[in-house]
Amino acid sequence: MKRSGILYAAAGIIALVVLAGFSYKGGIYVSQYWSEEQKSLIASLSLDALPALPVDPSNRVADDPKAAELGEALFNDRRLSANGKVACATCHLPDRQFQDDTPFGHGVGQTNRRTMPISGTAHAPFLFWDGRKDSQWAQALGPLESAVEHGSDRTALARQVVTHYRRDYEQLFGPLPELTSLPDHASPEGNPAAKSAWSKMTEGEREAVNRVFANIGKAIAAFERTVEPRETRFDRYARSLQAGTAPNNGLSETEIAGLALFIGKGNCINCHNGPLLTDNHFHNTGVPAVEGLPEDTGRTLGALQVKNDPFNCRGRYSDAEPSDCTELNFMVSEGEALVRAYKPPSLRNVALRPPYMHAGQFRSLDEVVRHYNEAPPAPAGHSELEPLKLSDSEVQALQAFLASLNEEN
Amino acid sequence: MTRRQILKSRLLWAAPLTLIAMVGIGTAAKMTASLPEDLDFSLTRYSDAGLYETRLDTDTKPVSIGVMHVFTVTLKTRDGKPVEKAALTIDGGMPQHGHGLPTRPRVTADLGLGRYRVEGIKFNMPGWWTVTVHATSGAGSDETTFNLKL
Chain A
1 MKRSGILYAA AGIIALVVLA GFSYKGGIYV SQYWSEEQKS LIASLSLDAL PALPVDPSNR
61 VADDPKAAEL GEALFNDRRL SANGKVACAT CHLPDRQFQD DTPFGHGVGQ TNRRTMPISG
121 TAHAPFLFWD GRKDSQWAQA LGPLESAVEH GSDRTALARQ VVTHYRRDYE QLFGPLPELT
181 SLPDHASPEG NPAAKSAWSK MTEGEREAVN RVFANIGKAI AAFERTVEPR ETRFDRYARS
241 LQAGTAPNNG LSETEIAGLA LFIGKGNCIN CHNGPLLTDN HFHNTGVPAV EGLPEDTGRT
301 LGALQVKNDP FNCRGRYSDA EPSDCTELNF MVSEGEALVR AYKPPSLRNV ALRPPYMHAG
361 QFRSLDEVVR HYNEAPPAPA GHSELEPLKL SDSEVQALQA FLASLNEEN
Chain B
1 MTRRQILKSR LLWAAPLTLI AMVGIGTAAK MTASLPEDLD FSLTRYSDAG LYETRLDTDT
61 KPVSIGVMHV FTVTLKTRDG KPVEKAALTI DGGMPQHGHG LPTRPRVTAD LGLGRYRVEG
121 IKFNMPGWWT VTVHATSGAG SDETTFNLKL
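Protein chains in written order, with full-length UniProt numbering: chain A, 1 to 409; chain B, 1 to 150.
Rather than coming from a laboratory, the hints here were simulated on the basis of the structure. Among these hints, one or two may not hold up.
Unchecked claim - 27 Å max Cα-Cα, derived BS3-like pairs, lysine-lysine: (1) A/Lys307 / A/Lys39; (2) B/Lys76 / A/Lys39; (3) A/Lys39 / A/Lys195; (4) A/Lys85 / A/Lys195; (5) A/Lys39 / B/Lys61; (6) A/Lys85 / A/Lys66; (7) B/Lys76 / B/Lys61; (8) B/Lys149 / A/Lys265; (9) B/Lys85 / B/Lys149.
Since this is a predicted model, take the numbers as computed values, not measurements.
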């Protein structure tokens, strides 16, 4: 019996020693030792894996510093709005990750969607929550003529360029057209009066104004291309993990547990992958509809709009050859999977910018993670989510990990 | 030590070791999440009904997430003759997730000698993907499915 007592103790000690290799924090498994597959997934999320800025063949001034300078001025110019009070920077606040902390953007009116941050969007093949634009420059044009954002119109915008930016514009894009004989307010979009005035212009006049309009977008895009993500604690952790140097110094045990969930049981990496933590595709994740807003079909309408957009990569105002427009040429433009599908935004800095989802449906990251954990059915279409069965401490660990993606000053 | 005592001591050792093994197996099972073990990742395969030998040449190795790929499909009859002027369509997806490709690829050039350029293939998640080539020629219609692990 004495001998078996010793055996009991020895067996217990061995079990403890072996299990100590796996430590438990608040009831969740903390992986101190990553598998090669896990290491490779972690490296794929790191800023070190971000490729160089992709060329934008549709915008020949995309990398011209003078265009970026003009673009920054236009981005901050309130005169490009119907009431002289709204600039791009009104909703895309430069000191707030180029977003505005509210569920809906507020320009001359209120939009139906959450303002998206700008950092890293030069890497995105489609822009807006529903991808209704296929370049940063085409995206920049939408709000300028939106009745609830800038509320302006094409001839008014062209006039602003003639009045305030002639020299800088002409250095980049060549001579501005003569606009004096054109209506003050005309556009193929917007109110009936503007539409009617536009329809009375000649084809040549319309094209000349469209070209100025497109170039406004191209200059703004040249500026937006310079807004890129910065290193975070997670990136430093990922780099030291790859190098094999003190890998656990950068993140807490809870954050590491959250990272293991992010690339594993939480399935987050399915859509939030790559160094920007977005796959730039469109997913229906059963996000609730907002009462009182018009029906929102997400990518279903967005795909149709980008296909027919005169300012898309294949359009006459693009500098690209049609064969350059691979994203547009091979995009999926119809089907059930597009219904209420929205683009996953980059998760860099996500903890610093509630509320969440395309119409600010969730106030906190806790609500977001619990939504993914429960996976309710979608209001329309089919949700891609499956219930995750995460414990409370796992939900918290995931949130802790997301905060490690915050850029530090 | 009696036989009974030896057995008992072995059981004492077995209990914690079994527990450790179970933790290990449980973790491993979660990591691989029902990926079929017998998946064939070869890029030269026979079509379902055996009409064609189909080869997929990928433009990057390993194939990456988030980039638009240009692949080459080579089609031969079972006795090794190139199948020219075939009509090819391409689709694919993730069998474990029940969704297709995020893009709509198609043949953009007949390169001759049974080779076809396929553009517009993109993968947007890590995991097991399939790419299926549907081919129709004088030899008949058949399809070949390739497995890729990203």
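So, going through the hints one by one against the coordinates:
For a cut-off of 27 Å, the pair hint linking A/Lys307 to A/Lys39 is broken: about 39 Å separates their Cα positions. Restraint check for B/Lys76 and A/Lys39: not satisfied, since their Cα atoms lie roughly 40 Å apart, outside the 27 Å limit. Between A/Lys39 and A/Lys195 the alpha-carbon distance is near 56 Å, which puts this suggested pair outside the 27 Å criterion. Straight-line distance between C-alpha atoms of A/Lys85 and A/Lys195 comes to about 23 Å, which keeps the hinted pair within the 27 Å bound.
Restraint check for A/Lys39 and B/Lys61: satisfied, since their Cα atoms lie roughly 19 Å apart, inside the 27 Å limit. With a CA separation close to 25 Å, the supplied pair A/Lys85 and A/Lys66 stays within the 27 Å bound. The hinted pair formed by B/Lys76 and B/Lys61 meets the criterion: a straight-line CA distance of about 23 Å does not exceed 27 Å. Distance check on the hinted pair: B/Lys149 and A/Lys265 sit about 18 Å apart at the alpha-carbon level, within 27 Å; holds.
Note on B/Lys85 and B/Lys149: the hinted pairing is violated, with a Cα-Cα distance of about 30 Å set against a maximum of 27 Å.
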